[in-house]
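Starting from the known structure of chain Y, fit chain E with the ligands onto it as the hints suggest.
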Amino acid sequence: MKKDKKMTLTLPAEELMSPGHLACQGCGATLAMRYMLKALGQRTVLCIPACCWAVIDGPYPYSCLDAPIYHCAFETAASTATGVKAGLEMTGDTETTVVAWAGDGGTFDIGIQALSGAAERNDDIIYVCYDNEAYMNTGIQRSSATPYGAWTTTTPVKHFKDRPKKDIVAIMAAHRIPYIATASVSHPEDFVKKMKKAKAIKGTRFFHVFAPCPTGWKSRPDDSVKLARLAVQNAYFPLFEIEDGEKVTINLKLKEKKPVADYIRLQGRFRHLSEAHIAAIQDEVDARWARLLKSC
Amino acid sequence: MKEKKAKRIVYRSEREMPLMVISVGSQTHNLTGAWRNIRPEIDLEKCLKCGICWKFCPEPAIEIVDERPVVDYDYCKGCGICAEECPAKCIVMAEERK
Ligand SMILES: Cc1ncc(C[n+]2csc(CCOP(=O)(O)OP(=O)(O)O)c2C)c(N)n1
Ligand code: SF4
Ligand code: SF4
Ligand code: SF4
Ligand SMILES: [Mg+2]
Chain Y
127 MKKDKKMTLT LPAEELMSPG HLACQGCGAT LAMRYMLKAL GQRTVLCIPA
177 CCWAVIDGPY PYSCLDAPIY HCAFETAAST ATGVKAGLEM TGDTETTVVA
227 WAGDGGTFDI GIQALSGAAE RNDDIIYVCY DNEAYMNTGI QRSSATPYGA
277 WTTTTPVKHF KDRPKKDIVA IMAAHRIPYI ATASVSHPED FVKKMKKAKA
327 IKGTRFFHVF APCPTGWKSR PDDSVKLARL AVQNAYFPLF EIEDGEKVTI
377 NLKLKEKKPV ADYIRLQGRF RHLSEAHIAA IQDEVDARWA RLLKSC
Chain E
120 MKEKKAKRIV YRSEREMPLM VISVGSQTHN LTGAWRNIRP EIDLEKCLKC
170 GICWKFCPEP AIEIVDERPV VDYDYCKGCG ICAEECPAKC IVMAEERK
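Chains Y and E, in that order, give the protein sequences.
So in this note's numbering, spot 267 of the first sequence is number 393, and the numbers just go up one at a time.
So in this note's numbering, spot 42 of the second sequence is number 161, and the numbers just go up one at a time.
By construction, these hints were calculated from the structure, which means they are not laboratory data.
Beta carbons: idealized from backbone N, C-alpha and C, even for Gly.
Careful: at least some of the hints might be erroneous.
Cβ-to-Cβ under 7 Å is the rule here; a few derived chain E residues that face chain Y [stated by the list, open to error]: (1) Ile-141; (2) Ile-183; (3) Glu-186.
Partial list, computed: chain Y residues near chain E (C-beta under 8 Å) [unchecked claim]: (4) Lys-131; (5) Met-133; (6) Thr-136; (7) Glu-141; (8) Pro-145; (9) Gly-146; (10) Ala-149; (11) Thr-156; (12) Arg-160; (13) Gly-184; (14) Ser-189; (15) Ile-195; (16) Asp-348; (17) Val-351.
If we strip away everything but chain Y, and leave its shape as in the complex, we get (with noise of 0.2 Å):
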């Protein structure tokens, strides 16, 4: 060891998200949260409808974050969000960042009413989906964000998800917010990067982060890193960002993409796919990703 090297930090040291908290071992969420934190700073309101995060924090009256968190009902986490805003206004605050932060199911299911509403209304907010595609919480049941392929204790292996999952993002962009990135908890540094662009822009900001479960993907704990990185390798989650609803940006670009096999392979959910299997969902990344190639 070089005994004078300093170490390099390549995030910001600032530490919202203490120990102590309840998420399982390796959890993507939780990673997620403590990303967002590092770049948004002490001065943020959270807005947390039911879902993993409604637990990872810790049991009234204890917290592990610092910044004040509205547990609100499932469906509300937008209008929480907006209504928070508001308020803050009306004291005079328009410094603090209000965030809706939900899962999948909050987001993509039950969620999109409110969130559709406060898009529509371009309302002041920054709306975060980390995507663990299922609903965990209650013990790992299907959403419209479970992947084609994909078991689930509602899509038992006989009967897996045979629906592609829903694009949210081009949703979101046909509402003409002015800012909607996806960032994966593998690369924090381009995380925090947009999440402070977006931290200075007015208006609907919506983020769709990728965030590995080793619980509910029946995959090693210590992979959820690495299969956060090989989604946006395979271009299976490709990091991105959509100003305007128009202006498309690829973050990371792909000189060659790795075969989807390689990620499929590391989670016992897809454990039942066979080669022929896998070759479709092969070939609906590469349409997807020729898509958004096409899109920019």
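Positioned in the frame of chain Y, the structure of chain E with the ligands alone reads:
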């Protein structure tokens, strides 16, 4: 590191409870190190000081003390991400000594 750990405040009745959540580390009374089956051990001799283990710890249970990474075993849950991601492969996951 010790001073940041909160003691658990015990409320005997609902009336004693505060109206608001106490943030600023109040959940640190929960020593999640007890969940661990395997423990990360860092060989500082081989460490590159790249900060990657610190960056990817989901707790976070790796702190930078005197410009080196130090695992806080009171909280480390033993997920193994730090060992998996370390580019110098200088973190090994060893059997937990109970
Ligand atoms: C109206 C309503 N329906 C159902 C529930 C039960 N419930 C709580 S959390 C949850 C799953 C949330 O899934 P997701 O939003 O994907 O977050 P995750 O748990 O995966 O982090 C469900 C179904 C509820 N709290 N409220
Ligand atoms: S179930 Fe998944 S998302 Fe929820 S705390 Fe555990 S690892 Fe995290
Ligand atoms: S094993 Fe997991 S919890 Fe423990 S220090 Fe490493 S990354 Fe953090
Ligand atoms: S990841 Fe490995 S090399 Fe880098 S700081 Fe941590 S222990 Fe040292
Ligand atoms: Mg979910």
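Checklist entry - At a threshold of 8 Å, is the proposed contact between Y/Ala-149 and chain E supported by beta-carbon distances? => result holds, 7 Å
Item to check | Hinted contact Y/Gly-184 with chain E - closest CB pair below 8 Å | outcome: holds, 4 Å
Checklist entry - Minimum Cβ distance from Y/Thr-136 to chain E below 8 Å? => result Holds, because the Cβ-Cβ distance from Y/Thr-136 to chain E comes to roughly 6 Å (cut-off 8 Å).
Next on the checklist: Just to be careful: measuring from the Cβ of Y/Pro-145 to every Cβ in chain E, is the smallest value less than 8 Å?
Outcome noted: The hint holds - Y/Pro-145 has a Cβ within 8 Å of chain E, the shortest such distance being about 4 Å.
Checklist entry - Holds or violated: Y/Thr-156 as interface residue toward chain E, Cβ cutoff 8 Å? => result holds, 4 Å
Checklist entry - Any CB of chain E closer than 8 Å to the CB of Y/Glu-141? => result holds, 6 Å
Checklist entry - Does Y/Met-133 meet its interface restraint, that is, does its C-beta lie within less than 8 Å of any C-beta in chain E? => result holds, 5 Å
Checklist entry - Do the numbers back the hint for Y/Val-351, that is, is its least Cβ distance to chain E under 8 Å? => result Where the cut-off is 8 Å and the nearest Cβ of chain E is about 5 Å from Y/Val-351, the hint holds.
Checklist entry - Given E/Ile-141 as an interface hint, is the shortest Cβ-Cβ distance to chain Y below 7 Å? => result holds, 5 Å
Next on the checklist: Min Cβ distance, E/Glu-186 to chain Y: is it shorter than 7 Å?
Outcome noted: holds, 5 Å
Next on the checklist: Does the closest beta carbon of chain E sit nearer than 8 Å to the beta carbon of Y/Ile-195?
Outcome noted: holds, 7 Å
Checklist entry - Any CB of chain Y closer than 7 Å to the CB of E/Ile-183? => result Since the shortest Cβ distance to chain Y is 5 Å, the answer is holds.
Every hint, counting from the list given before, is met by this structure.
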